[in-house]
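Which chain is which? The protein sequence lines are A and B, in order. Residue numbering for the first sequence follows numbering that gives the first Met the number 0, beginning at 0 and increasing consecutively. Residue numbering for the second sequence follows numbering that gives the first Met the number 0, beginning at 0 and increasing consecutively.
Because the hints were derived from the structure by calculation, they are not lab data. All residues carry an ideal CB built from backbone N, CA and C; glycine is no exception. Misleading hints may appear alongside valid ones.
[As the list claims (entries may be wrong)] Listed next, with one range per pair, are the computed distances between beta-carbon atoms:
(1) Asp-120/B to Glu-17/A: 48 to 58 Å
(2) Asp-489/A to Asp-171/B: 55 to 65 Å
(3) Asp-120/B to His-76/A: 43 to 53 Å
(4) Pro-71/A to Ile-53/B: 27 to 37 Å
(5) Ile-197/B to Ala-499/A: 23 to 33 Å
(6) Asp-50/B to Glu-64/A: 24 to 34 Å
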Amino acid sequence: MADSSQPIGYVVGGGLKENLNVRLNIPADQVQEGAFVVIESGQWQFYGLVTDLLLGATDPRFADEQSESRLPPALAHALHGQTLYTNLEVLPTLMFEVGPPGTAEAAQWLAARADERPRPIPVKTIPPHHAPVRLATAGDIAEIFGKPTEKGNFVIGYTREQNHPVCINLNKFVQRSSGVFGATGTGKSFLVRLLLAGLIQDNAASVLVFDMHNEYGFDDTASDTGLRVIGLRTKFPARVRVVGLGQGARIRGHTPDFNLEIAASDIVPADIEMLMRELNLKETTPTTLEALWNDFHEDWFCRFCQMRNGAVIETDEGKKIPAPDSVAAWANRAGVNVMAAEGLHAKLGRVFHLPYVVEQPAADGIGEVIKALEAGQHVVLSFGHHESDLDYLLVSNLLTRRIREAWEKRTNAFRSNGEGEPRPLVIVVEEAHKLLNREMAAQTTFSTIAREMRKYYVTLLIVDQRPSQIYDEVMSQLGTRIAGWLGDEDDIHAVLSGLAGREALRGMLARLQPKEEVLLLGWGVAMPLPVKSRRYDDQFWDELLGSAAKRSLAQNLKELGY
Amino acid sequence: MTTIEIGRLLRAGTTGFVVGCRVNQLDAPVFGGLVRVPLAGDDQVYGLIYDIHIDDDGLVRQLVTAEGVSEAVVADNRLNRNVPVEMSVLAVGYRQAGRLYHLLPPRPPLSLDVIYLCQPDEVRQFTANGRFGYFRHILRAKDLPVGELLAAHIQQAQAAHAAAGYRRWLNDAAQELITLLRDDYPTLMAVLGALGEIA
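Based on the provided sequences and hints, a complete structural model is requested.
Following this line, the structure appears as structure tokens:
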């Protein structure tokens with residue numbers, strides 16, 4: 000493995016648009032695609048990413064003919080050393096002013112800038128010919144991505160060649176919506192667990208997880224290795240609340256901290272409109288819903304549920320007319336198309352029968368969730384056995400709508416009356432394309448959050464395997480993107496949308512090692528970089544919880560009489 | 000320093016000169032050998048022998064067709080021949096005011112100047128000076144068997160360096176040749192082929 004401080008090559012050509020070409024003077028197998036390199040050029044340091052490696056020859060005949068067999072080994076080696084070479088294609092991303100070279104001048108220069116330390120800026124010029132290129136050291140990585148020891152920085156992975164830790168800044172991470180993408184089986188949920196553990200430990204924001212598959216709260220078993228996977232509740236018993244959907248729900252054999260039931264009066268017509276595709280509703284639905292709302296207001300859902308569909312009574316003349324408590328009778332009264340109202344009633348049957356939608360919930364579950372989040376706790380909403388898309392769409396949207404209202408209110412109070420600043424909230428949405436696809440994005444609260452709720456301290460963490468299915472407008476707003484391996488061209492295109500140097504990153508994304516490597520992208524990271532993702536294991540927890548874990552070990556020993 | 004005189008200058012130009020010698024002087028000079036011609040003061044002109052040829056004369060023409068030429072006649076013809084053995088030398092550098100240059104000499108040596116074969120010390124000194132600048136003169140001479148000449152010269156120079164314990168010279172020389180010739184595939188392969196014979 001090449002020593003970081005030693006040059007690995009020198010610049011031989013290229014430009015800002017077409018990447019820099021670097022002649023490699025170490026064996027090609029010591030550098031990989033995606034390597035983070037530093038180009039030193041007098042007063043500036045340039046940071047770049049290796050996007051390609053190319054074999055070259057000063058004359059094609061040197062490459063074509065196997066001169067090893069004609070020449071003694073020493074001569075053949077000398078010949079190949081000079082005529083056959085590898086060029087790196089380097090995507091320059093950042094430049095950083097380091098001051099004039101030479102100790103005396105540099106010290107003076109640094110002293111003059113003691114107040115404002117120069118920051119890396121997007122690359123605006125290029126290094127000269129023959130500028131030496133070296134692999135980044137741990138110090139370079141820390142300069143760009145942040146020092147692992149500083150608060151708010153979370154080690155998300157390690158560089159592929161030299162295992163230098165790479166951080167993401169969690170404060171920046173929660174400022175804008177972000178996304179974790181990857182084909183199925185590429186370790187998305189482990190990555191989300193890592194991020195959530197980091198966010199909870201850092202405690203700068205509250206986290207609400209819509210845990211469709213009951214993975215995050217309690218301990219789980221990995222689907223591929225069969226090993227036990229620690230849940231967030233296990234490691235943060237005081238900070239994480241697991242909420243089960245529906246009365247008496249049990250999650251992975253555990254009783255949740257409290258149960259969530261939804262009051263029928265919480266459901267508004269917009270919640271139903273959002274289920275248009277799922278319930279196969281007709282275009283007449285909004286009109287019918289509006290009439291229901293006008294007639295019954297908050298009670299519309301209950302009242303509509305209680306109506307009998309198709310019930311008739313016989314008049315004295317023996318004529319059959321709709322019963323007074325039938326859907327048709329109401330439709331006639333309200334001036335709504337009877338067929339449309341009856342159709343809607345029939346289709347809403349699935350919602351009417353949801354066990355967790357009740358007229359009078361035992362407790363104000365939604366209020367509890369909001370209160371816990373405001374109090375700085377983190378909530379994992381486990382769907383238990385209510386795993387259908389209908390459950391997921393209805394509950395997540397309804398809850399998010401309520402949360403959004405609460406946070407908007409608090410933010411406005413903070414801005415106008417100077418009340419306490421709202422605590423940032425990150426909502427984790429799995430299978431996000433179900434909520435944020437092109438048809439639904441306009442209707443769900445999520446797209447509003449993705450687009451503008453940054454101002455209201457609420458952001459999304461989108462987890463998805465088909466980013467191409469997510470509405471472009473939402474995708475383009477994502478700050479930090481963490482992408483695992485993706486095979487589909489459209490998905491790759493979607494993840495890279497709105498980023499510079501897309502073409503160069505495209506291949507890198509398709510060649511990531513599944514389960515082991517991810518590509519960090521977007522506004523939240525200074526430059527794109529593929530990293531070996533951190534392992535979600537006991538060592539991770541030891542490192543994250545650090546001294547706390549050690550203290551408990553010491554305590555244990557003390558209790559045992561040592 | 001032992002000096003081996005190998006002949007006297009017949010004719011000269013800026014890029015090379017021709018030395019004539021007697022047959023009994025012919026044991027010392029070899030193809031690819033480094034020679035020097037002292038000029039006024041301590042100055043020298045250096046050259047590489049790239050051709051040794053023996054012209055015929057009328058007597059030889061008669062003798063080669065005669066039958067049973069006795070040893071005495073052969074020896075007499077060689078020792079007392081009228082036409083000298085000629086050695087063509089390529090100018091590759093000079094010394095002036097104590098400093099070595101791998102450049103063409105400012106002026107050629109004059110007729111009848113004495114030519115000496117360079118001793119291993121001088122070979123080491125000349126070939127280790129600078130960065131093989133004198134290869135230029137050899138590579139420019141397209142009519143010569145460049146590969147063979149280089150191989151012969153490098154073999155001798157390498158022996159001189161190796162005797163002094165410096166073994167990297169051959170490698171450095173090969174590297175320099177590859178650098179100079181990497182755009183000229185046929186010449187480079189011819190040179191490397193020849194070098195391969197001595198490696």
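For this session: For the range 55 to 65 Å, tell me whether the beta carbons of Asp-489/A and Asp-171/B fit it or not.
Result: 56 Å, holds
Problem set entry | Hint check for Ala-499/A and Ile-197/B - Cβ pair distance inside 23 to 33 Å | The hint (23 to 33 Å, Cβ to Cβ) is violated, given that Ile-197/B and Ala-499/A are roughly 56 Å apart.
For this session: Confirm or reject the claim that Asp-50/B and Glu-64/A have a C-beta distance inside 24 to 34 Å.
Result: The hinted range 24 to 34 Å holds for Asp-50/B and Glu-64/A, with Cβ atoms some 32 Å apart.
Exercise. Is the distance from the Cβ of Asp-120/B to the Cβ of His-76/A consistent with 43 to 53 Å?
Worked result: 31 Å, violated
For this session: For the range 48 to 58 Å, tell me whether the beta carbons of Asp-120/B and Glu-17/A fit it or not.
Result: 55 Å, holds
Exercise. Would you say the C-beta atoms of Pro-71/A and Ile-53/B sit inside 27 to 37 Å of each other?
Worked result: 34 Å, holds
Violated hints, in rising order: 3, 5; the structure is consistent with all others.
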